[in-house]
Structure formats: C-alpha cells, structure tokens
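So the sequences go chain by chain: A, B and C.
Mapped onto the numbering used here, the consecutive letters of the first sequence carry residue numbers 1 to 288.
Mapped onto the numbering used here, the consecutive letters of the second sequence carry residue numbers 289 to 1070.
Mapped onto the numbering used here, the consecutive letters of the third sequence carry residue numbers 1071 to 1231.
Treat the hints with care, as some may be off.
Simulated restraints, written as ranges between beta carbons of each label pair [to be verified]:
id, chain 1, residue 1, chain 2, residue 2, range
1, B, S808, C, E1229, 19 to 27 Å
2, A, K14, B, R339, 39 to 47 Å
3, C, G1128, A, R11, 19 to 27 Å
4, B, A521, C, N1191, 33 to 41 Å
5, A, R11, B, P500, 55 to 63 Å
6, B, E939, A, V258, 17 to 25 Å
7, C, L1075, A, S46, 49 to 57 Å
Among chain A residues calculated to face chain C with C-beta under 8 Å, some are [to be verified]:
id, residue
8, G3
9, E6
10, L37
11, S103
12, D133
13, H192
14, L194
Worth flagging that the hints you see were computed from the coordinates, not collected in a lab.
For every residue, glycine included, the Cβ atom is placed at its ideal position computed from N, Cα and C.
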Amino acid sequence: MLGDFEYARARSVKQGCKLLAKAGGEGAVLAGGTDLLVNLRNGRASAKLLVDLKSVKSLDRLTVSPKNGAWIGASVPLNEIALHRGLRSRYPGLAEAAWTVGSYPIRNRATLVGNLCNASPAADTAPPLLVLDAVLEVSSPRGERTVPVRDLFLGVKRTSLAKDEVVTAVRVPPVSAATRTAFLKQQRVRGHDLAILNVAGLYDTESGSLRVAVGSCAVTPVLLPPLPEPVRTDAGIDDLARALNEIAQRTVSPISDVRASAEYRRALLPVLLRRLVETLLQPGEVRR
Amino acid sequence: MSERELRYVGTSVSREDGLDKVTGAAKYTHDLALPGMLHAAILPSPHASARIVRIDTSKAQAIPGVRAVLTGSELTVRLGLYLRDKPILANGAVRYQGEPVAAVAAETLDAARRACSVIDITYEPLPPVLDARDAVEPGAPLVHPDLGSYEWMKGVFSPKPGTNVAHHQVIRAGDVERGLKESDAVVEATFTTAPVQHVPLETHAVIAQALPGDRAEVWTSSQSPHTVRHLLAHAFGLPHQAIRVHVPYVGGGFGGKAGLHLEPLAIVLSKAADGRPVKLVATREEEFNTIPSRQGIRSTIAIGATKDGKIRALRATYLWDAGAYADYGVNVGRAAAYSGAGPYAVPHCSIDSYVVYTNKVFGTAYRGFGHLEVLWGVERAIDLLAQKLGIDPVELRRRNLLHEGDRTITGETITAGHGRPDLCLEAVAKEIGWGQPGERPKDSSKVRGKGISVLHKAPAMPTSTSCAVVIKFDEDGAADVLVSGVDYGQGTYTTLRQIAAEELRLPIERVHVVNDCDTSFTPYDWQTVASRFAFMGGNAVIQAAADCLRQLKATAAQAFETRPEEVECEDGHAFLAKDKSRRIPYSKLALGYTFPNGNSVGGPVIGHGRYIATGLTHLDLETGQGHPAQFWTYGAHAIELEVDTETGEVEVLKVATALDAGKVLNPKLCQGQVVGGVVQGLGSALWEGFQFSPDGRLLNPSFTDYKIPTAKDTPHEIVPIFIETPQPDGPYGARGVAEHPMISVPSAVGNALHDALGVDLFDLPLTAERIQRAIEAKKART
Amino acid sequence: MSAKLHEITLTVNGREERVAVPAGMTLLEFLRERLVLTGTKEGCGAGECGACTVLLDGRPVTSCLVLAVEADGRDVRTVEGEARDGQLSLLQRAFIEENAVQCGFCTPGMIMAARGLLLRNPDPSEEEIVEAMAGNLCRCTGYEAILTAVRRAAREEREAR
C-alpha cells in the first residue's frame, strides 16, 4: 500500500476544489501520479486525500490553432502532447520537451500540468513554457485566475499556488509562422533520466526576439534576461552564443549534487546554448 | 566419446524454461506465499558508524498485527563465509548506513513498516572511516575492534586484529625490484573503481519457517542452495539435515545472491513469531543500500619492460574497500591477486592485496570476482607502457601473452589445453579494424577512438569444489536431471539438458532438467558462481548419463539374452548392435524389464555422476605460489567509440569480444552471455558507481540516480567471437564463459578514450563529466 | 488504520472483476495479491524499471504508479492474457526463440510493453521499437535479443494477417 490516504474522484472542477478545501491543506491532486505517488511512497510528500480530476471531461482536451494557440487540459498525458501533430509543428520545443520526460509508459500517465506543479528545478516542460510565456488556468473556491508560468515557481518543489487551487489547463499563446522553438536536455544516460541541464529557446525571425530559459541550474527553472538587441537571422552564431552564455552564467546558480557538479553544469551551459541557437537560427542543418 | 555426430551439443537449443517465463507462470521467491505467512520489514541504520545506546521497541510491539520485533541484542549468532564478523542485526554498534538494526514480522507489510518507523533508537554517532587509505592509517577508527576474537578460515585468509585489514594476500614471484631495475621503461599509476551494485531485476527475497525440533525451511532467491544450508547450519549450530532450502526461479544474481543474505534474519523472525512463515523482500532501495555490493578498489600498478617490449616485472598494491563486513570480499582480494598480472608472462611479480574495512555497505561476490577491478588497472597500465615505449598496444600485448610453456605468477605452467589469448587478441583486433583509421564522425565536435584489452579468469573456488548430478527416469522413458546448481538466467540448465540428451541418446524433448532446487533431494553442488557450473555440471551429467546407459544396457542385455557389450543405445532405444531391428524403448527398460511370462529384471534406472576439482592447491601464505585454477578462460575486447568533445558523452559504436570457450555448447546462449556481459561491463565503465556523503550516507540508492544501461545505451554493434581450443577436462572441451564478457570492458573503453582524445583516465566510472574535465585540463596544458 | 473500501469494476484479461479495494492499493498490488496474477513483477515500486508494465485500456503503464481505484471501469491486460487458449502468441514465441529471456524477471514487462507497441503500431520503425522498450530495464540480456524478438514478432504478426 502506498499510504493511508483517501481517494475521491471529482465529477467537476468545482467539486474537486471543494474536496481539496475540505481536506484543509492535506489534500493533493492526483493527475498521472508519476511524481506524487513516488513521493508518497518515499515519504517526501504526505497527503490525507487524493483528488482525481481525470474523469472531468473538459480537462482531457488538447487543442491547437494558429489563432488561439494551444490549450492543454490538466489531464492530457505527455505522450499525447508530444505526438500531437499540430503541437509538434507549431511548438516543436514543447513537444520535444514533453517527449523527454521519463519513459514511454510513464508518459502515458504523466501530465504537463503535473510536471509543472511538481516544480522540480529540472522540470523539462518548464523551460519551453517559460519562453512561450504560457499561462496556467487555476480554479479554487474563490473563483478562477490565471498564473503566468514565470510566476509559478518559488523554489525547489514549491509553487505560488494555494493548497486548495486546482490547475485546469495550460494556455500557450499563439505563435506566428515566423516563430521557432527548440529544447535540449543533457542527461547521464540516453535512456530515461532527469536533466543535468535543460534549455529552451524561442526565436521570432521577424522581430528578432530571442527568449531562452534554463533548468536544473537554480532553485527554479529560469527565464534569462533578454539580449539588449534583437537577433538577426544572419547573426553570427559564435558571438550570439557567447553573449547568451555571459547572461546565463550571471543569472543561474547551479549546485553540485549527485547528478553533476556545479562546474560541469557551468561548462555545459555554453555548449547547450550554442547548440540551441544553431538549431533556432539554422534549422535546416540536422545536427543530431 | 564415440564418433557419432553431435545432435544437440553445439546447437542453439531454446530454453525449456522460456515457456514459464513468457507466460508469467514462472514463480520466483517474490511470488510465493505460504499459509499463515507474515511479512517482514527492516529498520536500517541512519549512521555510518555509531554506538547503539538504547532501543525501545514498545511502540512497535503495540501495533496491531505485529507478531515479532527483533533487535541485535537478542541474537548472538555471527555470520561469515570466510570470516565470521557479521551479526544478523547490528548489536551494540552500527557499521554502515543501511545496516539492519531491527526487524519486524507482521500480518501485513504495512504494519511491519509502520512498526519499524516507531522503533525508538538512540545512537551515539562515531567518526566513520570511509576511505580505504584512511582505514589503513595507524590510529584510524576500527570498524571491528574485536577482529581478533572472530573465527576465520585459517591457512587461507589472514586478518590483522587491531587494524582494519581483513585480509592481506601476497604474490611473490622472482625479484620484482630487480625486474623493475632491469626494465628500460617503467610506468606506474594508480587506478580506482567505484563500488557498484549487481542490480538483479528481482531483489533479494526469502521466505523462512522455523519448524519444531530446531529445524527450518527456507525458500530463497539464491545462487547456492547448499551453501545457504551449510552456512545456516554453521551459524545456528545445527546439523545440515535440520535445514531445508528451496530455490525456485531466480530473477538474476550476478554473484550478489551467492551466499547468505536475508535468510538468517527471516528464520529468527519466524522463530520469534511462533514458527509462522516469514517473507522478507528487499525494496529496491534496500537492494542498493543494505544488501552488499561490489567493493571498490584503489590499485597502484607499476609495470616495467625492456625497450623491445618484453615485460620484466609487475608490482601492484591493491586497497580493496570492503565496506563494513568481510563476506566474500576477502576471497575477492585473494583471487584477483593471483590473476593480478593479467594473461601475460611476467617473470618478476609482487602483489600485495589488502582487503580493508570501511564504514560503508560491504562488498560481496560480483560477476568477475575482482578481475574487472584489477584488470581495469593492468590493461590501462599496459597501454601506458605501450605509449612510453612507442609500441602499438596490440603488438605489445602480442609480445607478452602467455603461451604454452610459460609460467603464471603463481607458478602454474601453461599447457596446450589452456586456451589461446593470442588468438582472442588477433580476432578482435581484426574485427575492429585495428591500425586502420575508422570513419570520421560527421559532427566536428566528435572524435573517435579504438581501444583493446585482454582478460583472463579461472574459477575462484575451494580446492575441494564439487558437483553431483542424478538422472532418473519416468515410466514413459523420459529422463529428469536433478542438480543443485541454479539457472538464474545464464542458461546452464539448457546446456545440461543438451549434454544429457546427447549422452543418454534421447531426443531432447524427453529430457528435462528439474528447475527447482531442494537440498533434500537435488544432489550437492557447491555454488553457481565462478563460471564453473557448466564445466562441472556438464562433466557430472556425462558421468551420470553413462551410469544410466550402463544400467539400461544391462537390463536390455538380459532381455536380449546377450552380453551388455552387444547392446547399443540411440534415439531412446536399446538395440542389438548386430541386429538393429531388435530394439526395446527406454520406457520398457527404465523401471525394469518384464518378460512375456511376467518375470521382471533390472529395476528403476537412476544414474549418478559427480565431479570434484582436481589438482588444486592452496596458495602459499608467504609467496602466493600454488595451483588455484581448474581452468583459465582467456579473452579480449576491442572497442570503437565516439566522444562528444564538448560534453564528454561517449557513444560506443562497436564492441568485438573474443573468448576461448573451448567448445561452444550452445551458440545462442553463449552470445547472450557476451552481449549481456558487455553491456553490464559498459555500465561499470561509463555510468555506475555509488556516491557517498561526507558522513557516509549512500546518496544514490535508487534508479533515479544509480543509472544502469537502458535499451538506448547499448553499443551499435556487439560482435561475439568464440575461439575453440579444447579444454582437455571440460565437457566436450568446454570451459566457463559466464563472467568473462564483463571483465576488461572498462579497460578497453579507457584505452579507446586515450586513442580518441589523448587523455588518460584512471577512475571508474568514466562519466561524461570526468571526460569533459580531462579534455579541458588537456586544453589548458597545451 | 481501517481504510475505507472503494467498490470497483474492471476487466482483467477479458474477465470482469468486481472488488472492494482501499485507496492506497496500487494496481500492481491488486493484480499480484488480490487476483494472484503474479506474472507482473515489482522491480522498484517507483516507475523506473518497467517490470510492472501492464496495458491499461490498451496502453502500457507502470502499474506500481497506478492506484487500483483509478482502474475502475477500465480494461487491464497482463502477461497472463497474452497467450490465447493455451497458444503462445508470436511475440512470446519470438522471445523464447531469440533468447530474449534469461532470468525472465523483466520478461512480462517487456512483453506487455511490446504488445502495447504492436497494438498501436503494427509496423514500427527501429526507433519506435527502441522508444517503446527503453522504459524497461534488463540486466541480463543487454537488450539486443529483446529488440530482435520484438522486430521479428512485428514482422510475423503482419504476415499472419
């Protein structure tokens, strides 16, 4: 048995919020369970009530449109996200990130919302959602609100959400056809592994805006401060990468842990950033 | 053996147990349940070294469903295969973080775990000793202050009371200082390996029941039913017949299930719970943190050679980080030492192998038994020597490999039947295209390199190691083979089935190797370790089958009214040699023959065969000279890999592995051993290793941070190559190959990295981080 | 300590099961202990090794991280359901003949991961096979024979249609 907790299947978001509120801070939303149940088993989390919203019809929707962007319901598993044709073509960086979480069977259960709410600094879906400026739709007994992803993470495994709040979806703003996204993850093995370092980038070839986010390098995933100038499509890769690296090294604060040393993470940063800008500025060239 | 063509031996017969395994019908200890069974949980120590001041189990006893709570103070038994240093539960002191301190048996696993969590223990933490170098310093904290009071196997092992040295093995051949002085080039370097875990997919599991009259019955996921029984009998002071051990299907062992692990604890829990059966299964975290591992090593190796590349001397000091208990570690330290010069002719050799206690999870037997760890250093040192001499690494090895007539460092003379390391070397060098430039990587940030290594190992086993086999027949003329060796995946039951079918002259469908071992009726086998089961079991099966044929022929001769010499057997029939039309099927002979008038002769056919190690001697305690090896298996690896020079990541492109198997009894099974062993070797080479906090806590006791190779991490290509130089006393000329594919894999990787990057690495695992750091350091120097 | 029981109805290997389970019981525990279908194994309890892989509504999942209550109204298939009427599937036969089975402890999970793959994609590419199988750890075989068996089963099952 994983624990002493109780389980309730909510028929609606409203009911789910009520159940969580009644649990007085000792409730948790059970999405895919691939983080929550692991943490309940090893004692890193405790809960008296698990509230399951996966039967709520609206939450399993995934829609992508050029005009409205993407709407990813809280129950949508990562495999569905990673393999969704529309999402892959519009937001390849996000699809790629979703695809690298865990293993195939894990991704049949794990959700995007769960990956975010678990709030590991290494969360793979966080960097792409940061550069895309995505927004969480949140419900509680007090009503609805939205939380930009950039305001979600407070620290290791800590979010700005209240204990009785339920994330119902992630909304990703529409992107123009001129926008490119990419994601890179550094692991120890090629099989399923947590990130030693992960980076995501969004480049708008028309406006020259380049947004970069870095994970596993601080207590939260980090959106880097912007470059002073817009980036031309014919920009020199070396200079651009160097500039980005300078910003990144100043912004992140990696630690040494069982996965990698701080020095190695700092050494990998320029490598991954360079490869990221190569992918974003020279997408025709297949690197790996 | 007759001139008849082999039907089964040498072919890729499929496993008989495959059916049970692919349908989920195979029952492992994890799957078994007995009526009235209780579930047990253990409470591990949070400290690497501490005095146990006080234990209060009253809250645990009060949890509903709890039937027994035990701590070390109630248990006086001391365990240890070679050196009896280990309590069943920590008593008075804890010696490693993860050591079991208390245990509970309850109606449910949840109740047992809950009870463990409310056991109140007061510890007085003590400064732990975590590095073997610190442990051998005078004044170091003693892991076993009472070492002098323990029993140990005299004449074989030499612990040093008052120190942390559990064993010191010496090899002295020739005059090493003179040899080094005579050398034109000497290289000396220090190499390390991190402790690793076997990671069997089935964790350790046992069900034990204490029976009336001081008896016990045990079901255990083990490689050695008779050793389990023997050690339990010894530990509890009982006759062997008082203990019965069953071994069902086993989900992997790799040496980690060779000896005694959770069985004693489960028995004492059952006794304390009024004889109800108790099931104790290690969680994956306990498998990493509590169950033993492969000890780490720090080896300092000096090799000297003349300028034309003839090795004159090898001097080595090994510091084995044995962890908190001696277990198999002392024997690893002994056996790896006598192999410590590699498969080379080394006239002057001096090896000091120290097995040292530290306050960490202890080491046990692991595939390769110390040879991967030692040859990591030796094979890297050979390449360093090649660099210094300006001689090609393959050529340097070629000039020094053992040949017929050479002597090993323990004084054994190599014969024609020993096997051919040179042929193994040539085969892999050719397969990898040694000396030819490989394809250039497409990516400019990547470089490629090739590396070579050789290996050798003999079974590390007592001089009296033996195996017995019984073959009995069913009414329908089919044969059952009873053995106490265990097939935990390596496929030996299939090999023995092939040999039995061949020798009994029976179609293989009519031969069955009984899967379960039971010390009550499967005949004695020492342990399924050391790559000796196919060799000894095969020989015993051949003898048992001959015994059966003798009986069948004697009975048939009576039926034919002739002499047994006139009777032949084939295809499950006995027939008259000079008139093949006169034939009797085994089904009419196997339980005796009945004449038409009703008179019966003969009787149930039961054949027995046995094999005992021959000609082995102990190693001289002063010089290490002696004859420890029943046979040597030689091999070589050649690896081509690609390195990302920016991140340090390694991608293994190709591994060619050659082994002199003597005779490949089943090609597919042998290939399976090579592919599996190479991948496991790459695990040790590139990713696996325990990490400890400064206070001795294991930081990666789970798959989250202890990474083993997945299906995405394998080489693009593994090419197994088998040389067949017959082993004169092996079954059909075969020798063991089970451990060998793993040995020297890290060495070849390290050598390939030098070829690719021009950097020399000395410490396993060769993580991307370490490789990247070495690349940066090289850049900074140039 | 007496947990509330939830009534659930689910189909396991084609047979309907109506049971009452506590919230904290995983699907893996339910299968192994309640239904005594011990083919599905526990290798780590944390979703990392894949030994507990079963099909949930036709999709491979690590059953150690699924609560039994979550399987209410769902369809579950385990290795015990792979053979039909005592006949091994082509997939099972390929595993035996390619020596993809050594100790066998990872085998049920491997077979279910492969079955999940072939259900959704009867003609998988090499990359798709590896991706589908890579979540299952094996220590014995080095994976090569397992991938060969899956590749062969895919081909043979297509040909058998």
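Taking the hints in turn, this is what the structure says about them:
no.: 1; hint: B/S808 with C/E1229: 19 to 27 Å; in the structure: violated, 49 Å
no.: 2; hint: A/K14 with B/R339: 39 to 47 Å; in the structure: violated, 57 Å
no.: 3; hint: C/G1128 with A/R11: 19 to 27 Å; in the structure: holds, 25 Å
no.: 4; hint: B/A521 with C/N1191: 33 to 41 Å; in the structure: violated, 56 Å
no.: 5; hint: A/R11 with B/P500: 55 to 63 Å; in the structure: holds, 58 Å
no.: 6; hint: B/E939 with A/V258: 17 to 25 Å; in the structure: holds, 23 Å
no.: 7; hint: C/L1075 with A/S46: 49 to 57 Å; in the structure: violated, 22 Å
no.: 8; hint: G3; in the structure: holds, 5 Å
no.: 9; hint: E6; in the structure: holds, 5 Å
no.: 10; hint: L37; in the structure: holds, 5 Å
no.: 11; hint: S103; in the structure: holds, 3 Å
no.: 12; hint: D133; in the structure: violated, 30 Å
no.: 13; hint: H192; in the structure: holds, 6 Å
no.: 14; hint: L194; in the structure: violated, 11 Å
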